[in-house]
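J.: Sequence:
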Amino acid sequence: MGSRSFLVWAVGAGVYLLAVFHRTSLGVAGPQAQQRFAISPAQLATFVTLQLALYALMQVPAGVLVDRFGPRRVLLASTLTLGIAQICFALVPNYPLALLARGVLGCGDALAYLSVLRLAAGWFPAKRYSMLTALTGLFGVTGNVIATLPMTALLRDYGWTPTFLVAGGLSVAYAALLLKPAAAAPYQGANAVVTAQAAGRGSVGVPEQRRRVLLEVRRAWREPGGRLGFWVHFSTMSGPTTFGVLWGFPYLSQGLGLSSSTSSSLVLVLVVGQLIGSLTVGTLIGRRPSIRTPLAFGVTITCLVSWLTLILWPGGHPPVPVLVVVILALACGGPASMVAFMLARDYNPRHRISTATGLVNTGGFIAIVIEVLAVGLILDIVEPGAAQPSATAFRWAFSAVALLTAWGLFRLTVWWIRVRAAVFAAQAAGKPMPFAMRRHRFDLVQEATAVAEASGDSSAPDVAQ
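No gaps in the numbering here: position 424 of the sequence shown is 424 in UniProt numbering, and each next residue is one more.
Heads up, some of the hints might be wrong.
Said to hold, decoys possible - Distance windows between CB atoms, simulated:
| # | residue 1 | residue 2 | range |
| --- | --- | --- | --- |
| 1 | W221 | V166 | 38 to 46 Å |
| 2 | V64 | L138 | 25 to 33 Å |
| 3 | V92 | S260 | 37 to 45 Å |
| 4 | G315 | V414 | 48 to 56 Å |
| 5 | T283 | P125 | 17 to 25 Å |
| 6 | L215 | G315 | 52 to 60 Å |
| 7 | W313 | R4 | 50 to 58 Å |
If you are wondering where the hints come from, they were derived from the structure by calculation, not from laboratory data.
No residue lacks a Cβ here, since even glycine has one placed at the ideal position from N, Cα and C.
All chains should be built: construct the whole structure from the sequences, respecting the hints.
T.: Here you go:
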């Protein structure tokens, strides 16, 4: 069963690799997209804004589809949707149709990750789930790597249409690996029982199922640990992704005047940094859960300082060594965002973990959508009609990212203190917690009652059992 299980998972993870590749392909193609469709920076930002907004909105429907049709069929739909959307993006002659293609691509992207995680849950025992989640993330990083230097070389040597046609064609061809009917997953039976018990399927009608789903969503949102996870994801993931998925390459190549090869190499530094960070941070927070939130707090501060460095550097043109340090610092944000999912898992009962994880996941993508669009709008306002925004325009635009990161840091701090107060109350009552906490001077234990009321419980937060 071992080799077969890994093969089933690897085929699914390959779809996620393709999804991340397609998602980040505009990271080095932004300037060419502006020229091809004769669009402004704000219109360029709309590509990613629409794509990621639909990704976030599709998270709950994607989970329902996986439950209803199974991960293999949903992954098949995902890779076909991604491929067809990318082929259309290669061929369409105008901006509205290109925007539609990126929106469809975002819907296909949304189907991939949850399906791969369901494969991991169905084909491996629970003790291996964390490892498979980390390995799935590495597949995503690989897709991001392919979307940097190789994508830059293809665009330079072959142009827009052939490059995106090949990218889309690969996804369509990959679908052949998913055509074979799925075998029964060895661990799916137990998972299905838990899911059915939680959702009440088979014993209630559709309206009652919908009511129960909404009730679980509300309970997950009221849980202080889940709310903390939302703000961790909001604060750590958004800025680095905004830089990597769209605005990093234009900033380096247009704003700072660096060559395309140097700019794509610096974007690759971000991706490699995320890869190394994922391996390091994943091991660290797995062994020492008490440092999870402090780590996220420290990384958010580091990201904020990095943005301020780009904004406030004298003359607005940081030297390449400084850029490398700043980009490596930003690269820590993605790995640190894993803390958010661990918080969702630790502070929710088992039947609510998927719902809580979905809510936490929206935090980062909401921030990314706001930041990507804000940067584009500010570039248009500061230098309307400019073919290539200057470093000064980017400094003003990146101020929006810094402000949103600072806001996320503030909210993260508020909910960190509230969660600690709730945990101290639970510990005093002898209730099980993920790990024991030690009081510090900044702890507001008297907030425990307010936190408990906010979570809909009279004593303490729920804990996964």
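J.: Just to be sure I understand the hint, the distance between the Cβ atoms of V64 and L138 should be within 25 to 33 Å; is that true here?
T.: holds, 28 Å
J.: For the hint 48 to 56 Å, verify it against the beta carbon of G315 and that of V414.
T.: Violated: the Cβ-Cβ distance is about 37 Å, outside 48 to 56 Å.
J.: Holds or violated: the 17 to 25 Å window for the beta-carbon distance between T283 and P125?
T.: Hint holds: Cβ distance 20 Å, inside 17 to 25 Å.
J.: Starting from the hint 52 to 60 Å, judge whether the C-beta atoms of L215 and G315 obey it.
T.: Holds, since L215 and G315 (Cβ atoms, about 56 Å apart) stay within the stated range.
J.: Range hint 50 to 58 Å: satisfied by the CB atoms of W313 and R4?
T.: Holds - the Cβ-Cβ distance for W313 and R4, about 54 Å, lies within 50 to 58 Å.
J.: At the C-beta level, are V92 and S260 separated by a distance inside 37 to 45 Å?
T.: Given a distance of about 24 Å, which is not inside 37 to 45 Å, the answer is violated.
J.: Please check whether W221 and V166 have a Cβ separation lying inside 38 to 46 Å.
T.: holds, 43 Å
Of the hints listed earlier, those the structure fails to meet are numbers 3 and 4, in rising order.
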